[in-house]
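Protein chains: 6
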Amino acid sequence: VSAVVPGRLDPAVRAEVLAEALPYIRRFWGKVVVVKHGGHAIAPSTSGGGRPAREATLASFAEDVVLMSSVGMRPVVVHGGGPQIGELMTRLGKEPEFRNGLRVTDADTLDIARMVLVGKVNRDIVGAVNVHGPLAVGLSGEDAGLITASAHPDELGFVGEVKAVNPAILERLLAQDLIPVVATIGSDPSGQAYNINADTAAGAVAEVLGAEKLVYLTNVEGLRRRADDPSSLVHVTDGDELEAMMADGTLTEGMIPKAAACVRAVRAGVRQAHILDGRLPHALLLEIYTRAGVGTLVSP
Amino acid sequence: VSAVVPGRLDPAVRAEVLAEALPYIRRFWGKVVVVKHGGHAIAPSTSGGGRPAREATLASFAEDVVLMSSVGMRPVVVHGGGPQIGELMTRLGKEPEFRNGLRVTDADTLDIARMVLVGKVNRDIVGAVNVHGPLAVGLSGEDAGLITASAHPDELGFVGEVKAVNPAILERLLAQDLIPVVATIGSDPSGQAYNINADTAAGAVAEVLGAEKLVYLTNVEGLRRRADDPSSLVHVTDGDELEAMMADGTLTEGMIPKAAACVRAVRAGVRQAHILDGRLPHALLLEIYTRAGVGTLVSP
Amino acid sequence: VSAVVPGRLDPAVRAEVLAEALPYIRRFWGKVVVVKHGGHAIAPSTSGGGRPAREATLASFAEDVVLMSSVGMRPVVVHGGGPQIGELMTRLGKEPEFRNGLRVTDADTLDIARMVLVGKVNRDIVGAVNVHGPLAVGLSGEDAGLITASAHPDELGFVGEVKAVNPAILERLLAQDLIPVVATIGSDPSGQAYNINADTAAGAVAEVLGAEKLVYLTNVEGLRRRADDPSSLVHVTDGDELEAMMADGTLTEGMIPKAAACVRAVRAGVRQAHILDGRLPHALLLEIYTRAGVGTLVSP
Amino acid sequence: VSAVVPGRLDPAVRAEVLAEALPYIRRFWGKVVVVKHGGHAIAPSTSGGGRPAREATLASFAEDVVLMSSVGMRPVVVHGGGPQIGELMTRLGKEPEFRNGLRVTDADTLDIARMVLVGKVNRDIVGAVNVHGPLAVGLSGEDAGLITASAHPDELGFVGEVKAVNPAILERLLAQDLIPVVATIGSDPSGQAYNINADTAAGAVAEVLGAEKLVYLTNVEGLRRRADDPSSLVHVTDGDELEAMMADGTLTEGMIPKAAACVRAVRAGVRQAHILDGRLPHALLLEIYTRAGVGTLVSP
Amino acid sequence: VSAVVPGRLDPAVRAEVLAEALPYIRRFWGKVVVVKHGGHAIAPSTSGGGRPAREATLASFAEDVVLMSSVGMRPVVVHGGGPQIGELMTRLGKEPEFRNGLRVTDADTLDIARMVLVGKVNRDIVGAVNVHGPLAVGLSGEDAGLITASAHPDELGFVGEVKAVNPAILERLLAQDLIPVVATIGSDPSGQAYNINADTAAGAVAEVLGAEKLVYLTNVEGLRRRADDPSSLVHVTDGDELEAMMADGTLTEGMIPKAAACVRAVRAGVRQAHILDGRLPHALLLEIYTRAGVGTLVSP
Amino acid sequence: VSAVVPGRLDPAVRAEVLAEALPYIRRFWGKVVVVKHGGHAIAPSTSGGGRPAREATLASFAEDVVLMSSVGMRPVVVHGGGPQIGELMTRLGKEPEFRNGLRVTDADTLDIARMVLVGKVNRDIVGAVNVHGPLAVGLSGEDAGLITASAHPDELGFVGEVKAVNPAILERLLAQDLIPVVATIGSDPSGQAYNINADTAAGAVAEVLGAEKLVYLTNVEGLRRRADDPSSLVHVTDGDELEAMMADGTLTEGMIPKAAACVRAVRAGVRQAHILDGRLPHALLLEIYTRAGVGTLVSP
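Chains X, G, H, L, V and F, in that order, give the protein sequences. Just so we're aligned, residue 1 is where the first sequence starts under the numbering used here, counting upward by one. Just so we're aligned, residue 1 is where the second sequence starts under the numbering used here, counting upward by one. Just so we're aligned, residue 1 is where the third sequence starts under the numbering used here, counting upward by one. Just so we're aligned, residue 1 is where the fourth sequence starts under the numbering used here, counting upward by one. Just so we're aligned, residue 1 is where the fifth sequence starts under the numbering used here, counting upward by one. Just so we're aligned, residue 1 is where the sixth sequence starts under the numbering used here, counting upward by one.
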């Protein structure tokens with residue numbers, strides 16, 4: 001980015017970018033966008049990016065969310081935190097156990113997951129946003145009945161499924177121009193907490209809020225028609241095509257919950273779903289306020 | 001402009017322009033800007049620009065005003081129309097008479113001026129804006145007591161001075177996201193109409209509205225420290241310097257009412273005044289939503 | 001009128017007039033009345049009444065409108081201005097051309113018509129009302145999308161028909177106790193202006209506003225059953241009878257657009273339409289606030 | 001009145017009465033007027049007017065109050081009922097006892113006075129008004145803390161003086177376009193009721209409400225400069241002159257509490273006080289909505 | 001009651017009473033309860049309780065109503081006053097005449113009944129409540145069209161039946177946290193007043209207000225399955241059983257209008273009806289805010 | 001508690017408790033109460049009470065808070081969690097280091113403290129409340145700029161002091177009848193988090209909210225004049241006496257921050273501060289809704 005010297009840009013270029021962006025700003029004024037922010041998206045464990053890179057990406061993400069909010073959009077951030085949970089378990093000497101790719105969660109593991117998600121990852125995102133002003137409010141799905149959960153059918157302990165989303169607390173915070181940041185812990189009517197898959201939870205929240213957009217920030221550029229071919233990036237698709245891509249194995253494992261949530265969301269009234277590369281600086285701004293966009297757009 | 005191909009711009013360039021503009025959009029949300037649009041600015045009589053050029057500039061101006069309104073600013077357009085008045089007088093075989101550079105205005109001339117300003121120039125601007133939607137409402141200073149006038153002391157017939165501005169009708173229209181377009185005819189309590197200098201009227205309207213900005217669109221790039229030296233363009237100045245420039249003859253004749261109105265406005269509470277080149281496409285957007293700006297900025 | 005000495009009226013007479021009027025005042029509180037004010041009504045070209053008489057009638061009309069507004073009615077004035085357009089065309093040396101009784105309107109004629117209607121007749125009415133306070137606001141049908149027009153089928157150039165009326169700007173002004181005065185220029189979606197028949201436009205405005213009353217001020221006492229017989233004045237009629245009178249030739253030419261607009265309006269929800277003699281002082285007050293009324297009343 | 005045939009009145013006469021009245025209607029819109037209605041005013045014991053006359057006058061009074069309310073005034077009726085209290089005491093075989101012109105009131109007499117004022121006179125007025133619609137609400141000064149009273153210093157038993165007026169209940173009813181009718185019983189903080197002079201109470205209510213007008217309906221034409229000379233009727237006066245007339249014995253006994261209340265009220269902010277002949281049909285309308293008025297007007 | 005020393009109560013007892021009551025307080029917040037208060041309930045003619053006892057009971061009743069209002073319930077008091085009417089008639093030497101258990105009411109008797117109900121009983125209740133603050137407002141069914149009545153079919157003179165209840169005035173007073181106290185006089189459209197059975201009127205008011213509860217305060221403990229057997233007190237019943245009890249003669253005469261009104265009310269949407277012993281101190285609080293309740297509860 | 005059988009309580013006892021409590025309920029309606037809930041209060045490390053007792057106390061506390069909220073009070077819960085932080089540090093093999101009785105907090109310890117307070121203790125309280133409905137919302141002082149902190153002067157690492165409290169987010173949640181539960185982590189403008197003493201933070205929150213009450217739930221009965229003498233419990237005191245007790249060593253160490261916060265709060269506008277025994281079931285209800293209260297009350 002350092003090569004760009006905005007002050008010296010041709011005024012005509014600036015004028016065109018502005019004239020292109022302003023109608024989007026108007027169109028999305030007051031509209032809700034749910035952004036799923038995952039541990040992988042900001043800190044890919046396989047890359048060489050260490051702490052500074054991770055923090056730069058988090059700061060860019062936070063700036064985008066604040067800018068969107070400043071021009072009237074109503075962002076809701078939903079996040080997971082798998083890697084960080086693993087880290088603390090390791091420090092505590094606990095051995096993670098997976099079944100069908102899902103973490104088996106006993107009471108102690110749930111306590112750990114909850115402390116990490118609510119007390120650490122959530123706090124880090126809230127903190128990065130609030131550098132720009134008192135805007136973000138961290139929430140757990142347990143607060144004010146936000147996410148009602150029940151045990152997952154696969155008997156994974158305190159791994160839960162979303163039963164219902166009560167958007168009242170989100171709507172109230174949004175009405176006050178605050179930015180909710182949601183850790184995906186749910187609870188059942190007896191008060192028992194459950195750990196919830198964040199991709200699915202983000203979709204459910206977007207549905208219930210009647211969001212204009214549901215955005216997944218990932219560590220890939222978008223969906224590809226051929227996994228190994230960067231030129232096969234899908235720019236625009238729809239629910240039917242996406243379902244087909246899931247069925248025929250085109251999509252790799254990590255993409256499946258995101259793709260499934262996109263399909264479900266656009267069919268349930270969300271206007272557009274996006275899968276973006278969270279490592280690209282200002283990915284959100286570019287996707288939302290330019291005609292070309294970046295990443296994969298899913299329409300109904 | 002045709003050389004710019006926005007679709008191919010580097011995403012990083014776009015991202016930076018957006019990230020730079022969004023805070024201005026937020027900052028000016030809900031703020032009033034009074035834009036003086038003069039006959040000269042859109043149709044310079046000395047240039048070779050014919051009707052099509054004039055119309056292109058008017059269309060670009062109208063688009064800027066609509067875009068500003070779409071992202072929450074509250075533009076008020078104030079306009080004159082000297083050249084067009086002259087045209088109709090010529091057609092009717094009347095000889096204009098000037099005294100100290102001001103048009104002497106008998107009852108018939110006033111009728112003509114009013115028909116041209118309210119029934120033609122005002123209509124043209126309203127029409128150009130309303131291509132984008134039912135946004136503009138044409139007003140004369142006579143409507144709802146907007147501009148109370150009295151006869152000019154130089155005995156110029158029905159040339160008047162602003163005595164008072166009652167902003168109620170403007171505030172009501174602005175509150176409904178409409179764009180007032182004001183022809184500068186005023187009236188006295190007995191109902192007698194007067195023709196008012198539009199530069200002065202624009203300043204008075206900006207003062208009374210407590211506008212954030214007062215912008216003069218002219219047919220020059222901005223003020224110059226040396227009339228013949230394009231490199232002496234003044235980017236930023238203040239009331240004191242401007243007063244000195246008027247006193248020592250630096251400013252040419254046509255700039256004096258604008259400069260005087262700028263000085264008065266910033267001293268009366270308007271935050272910033274601008275003198276821009278109305279011939280530059282999207283001059284308003286560039287001045288308001290980029291850090292560098294174009295033209296001359298006057299601060300208190 | 002000079003023969004009346006109100007101060008000496010028997011108190012019982014006054015008390016009875018008041019006790020009769022007050023229920024009407026209550027009944028029409030907050031109700032919209034659309035008043036069509038035509039050039040003929042205030043300045044009959046065939047009569048010997050010169051400027052002073054014309055002005056006296058305009059002043060009486062303005063006073064009535066202000067009084068009605070002061071006791072809670074919501075008057076909307078709609079006006080034409082045929083004679084005044086003709087005058088300016090003559091001054092400019094243009095020959096009016098009529099086809100089937102409608103003026104053929106080229107671009108230059110439209111410019112002239114618009115200048116006269118919006119920049120002169122409208123201004124004169126606004127000025128006469130605003131002698132009583134900052135109440136009237138002049139509008140053209142182009143403002144805020146008020147009247148959408150399309151070309152008349154008879155290929156008369158820029159003579160238009162009403163396609164749609166968007167009452168938002170009228171409703172907003174009425175809600176603020178202002179008195180809209182509408183010049184009947186409309187525009188199509190591309191921004192092209194058209195000259196519209198004022199009688200028809202007044203009816204369309206009344207329909208869309210759900211007006212309580214639609215009043216035509218004319219230069220006749222009302223409709224007559226036999227054109228030459230003053231004693232055949234129609235006091236009360238309805239849509240069916242009026243249609244019959246149009247069909248059998250009872251009505252003279254100038255009355256037909258008014259009669260047709262009355263029929264259409266009362267069938268579209270306007271409660272009552274009236275055809276009054278605009279030359280009678282305080283004709284509006286007498287028709288609205290007394291039991292007997294003056295002129296012809298059309299009910300559904 | 002029967003000699004008046006309004007239907008045949010010259011339209012010019014009607015127009016002038018209306019044009020004269022409408023500005024008053026506008027001016028008094030939303031304004032509070034306190035009307036003291038006394039037993040004497042509607043049922044003069046010395047005249048030969050029997051029940052039917054009394055009822056006609058009550059009906060005319062009720063119609064005026066309803067008409068005033070219908071054009072936006074906010075009338076509050078305050079009433080006494082001396083003669084009617086005397087009647088019931090006589091039926092019950094109780095001997096009225098007066099000291100310095102004031103009725104000595106033991107517990108039983110208070111019970112009787114309260115039953116008559118609240119349970120009979122108040123009901124009769126409410127009933128006469130409500131023939132026109134569900135408008136009037138009867139109140140006693142005991143309701144919602146309206147009139148706080150204390151014992152009269154002359155040791156007259158349960159005769160009280162006004163200590164404070166809490167207008168909240170009146171303001172609430174007026175805000176809902178209801179017409180409060182107040183019987184002048186007050187109570188002290190322990191709940192003990194007192195009979196209050198209605199002339200004084202009406203003045204206190206007008207003061208506290210910041211009324212535009214305080215009107216006493218009496219059985220005289222107005223105040224006279226010489227008691228026996230009908231031509232000496234005082235049309236307009238002020239507080240100082242009225243005080244002088246009380247001091248020098250010009251005013252007869254029954255007028256003194258009214259005159260004193262008028263003086264006090266106009267000095268405490270009530271704009272105008274009136275003493276009218278309640279026997280004149282539509283006396284209220286004539287006083288309020290015509291330039292000449294009837295009766296005596298007291299200004300500050 | 002003097003044996004209870006609350007200050008010394010075990011904290012655990014207090015805590016349990018509070019924890020039990022609070023949910024009822026929340027549940028009934030903002031809910032309307034219509035309380036029928038009868039002459040018998042406060043002054044049982046058969047008991048030896050004289051004036052002091054009667055006043056103690058009235059004071060306890062008033063305190064309950066004020067406390068209910070203070071924790072958000074919206075009580076409406078409806079009352080009769082048979083015994084007091086009889087007293088005044090006796091003093092005036094009039095012989096009461098009954099037909100089928102209903103008082104035959106000539107014009108003079110109606111005047112007496114109205115004076116007693118509106119001018120005495122109503123005043124006594126309002127006074128007892130207002131010892132606690134300016135809360136109660138006395139109303140007659142004639143005020144603001146509250147109760148429209150028509151003559152009773154049995155030709156009993158001015159004894160009327162409820163034709164319609166217009167709750168507007170009650171709703172307005174309740175919205176302002178005032179306590180309406182209603183004397184059951186109604187009027188017909190011509191303004192003629194009628195005396196109405198208070199038990200029936202209370203039921204009609206509760207229906208129209210959509211009350212949560214309708215409570216009859218009586219001088220019995222509640223309904224009994226066997227008239228002479230105190231142990232047969234009915235704690236809970238419903239409309240069907242109550243109808244059966246009326247049909248088979250289980251209920252004594254005075255209970256029948258109350259029982260019939262309860263049945264009708266719960267079938268018309270009132271959630272619960274109660275018949276309580278008004279002589280029990282704080283009977284209302286105990287019934288409403290404790291689980292056990294006192295008296296007979298009728299549910300749909 | 002099991003010995004109490006509320007259903008069998010004498011109605012008179014119930015009536016008196018209710019009649020005593022209702023005025024308090026009214027008085028505290030809409031009032032804010034800040035309740036400091038500490039780890040010690042619910043889980044005294046020195047007692048033998050294990051998990052079940054701790055949970056019973058938490059459940060009783062949660063029920064009280066919900067009941068208070070249900071009758072209109074606006075509770076804000078502020079909590080610490082020292083013992084639980086120690087537990088996790090031990091599990092992670094970290095050695096706590098104290099200086100002048102305050103925990104020295106390095107970056108890792110801060111992370112741990114934040115996870116425990118925000119991700120565990122806060123969650124447990126929120127969960128216990130939300131068994132009764134979606135009422136509680138967990139907050140950290142970092143959310144929406146709630147607590148601005150700076151480093152403690154004693155160089156204890158990330159131990160902070162309260163610099164400012166921005167109550168906006170609390171007021172918004174309270175306005176929606178939600179119950180904020182605040183973990184006392186603050187942040188400075190750069191986004192750095194700090195651990196804050198919860199006693200002090202509770203006082204600062206109460207001050208800024210203008211709370212009616214500030215309540216410390218502790219594991220003692222209240223303050224004692226002589227540490228070893230249970231009969232020396234202080235029922236009522238004020239700021240001056242409390243200051244003296246701190247100065248002369250009467251108060252034991254753990255009580256000092258609470259006592260100091262009480263003194264400061266009542267001097268800064270909080271009406272009453274309380275130190276209660278959190279182990280007593282329904283301690284909050286008893287203190288707030290009974291005349292006698294439990295524990296120590298501090299008034300200004």
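None of these hints come from the bench; they were simulated from the model. Misleading hints may appear alongside valid ones.
Remember, identical chains collapse to one label, so a pair may be satisfied in a single copy or spanning two.
To be verified - Okay, derived cross-link-like pairs now, SDA-like style, lysine to any residue, Cα gap no bigger than 25 angstroms in a straight line:
| id | residue 1 | residue 2 |
| --- | --- | --- |
| 1 | K94 | S231 |
| 2 | K94 | L110 |
| 3 | K31 | P11 |
| 4 | K31 | G222 |
| 5 | K163 | H132 |
| 6 | K163 | G30 |
| 7 | K163 | G254 |
| 8 | K163 | R91 |
| 9 | K163 | E95 |
| 10 | K31 | A19 |
Contradicted hints - numbers only
1, 6, 8, 9
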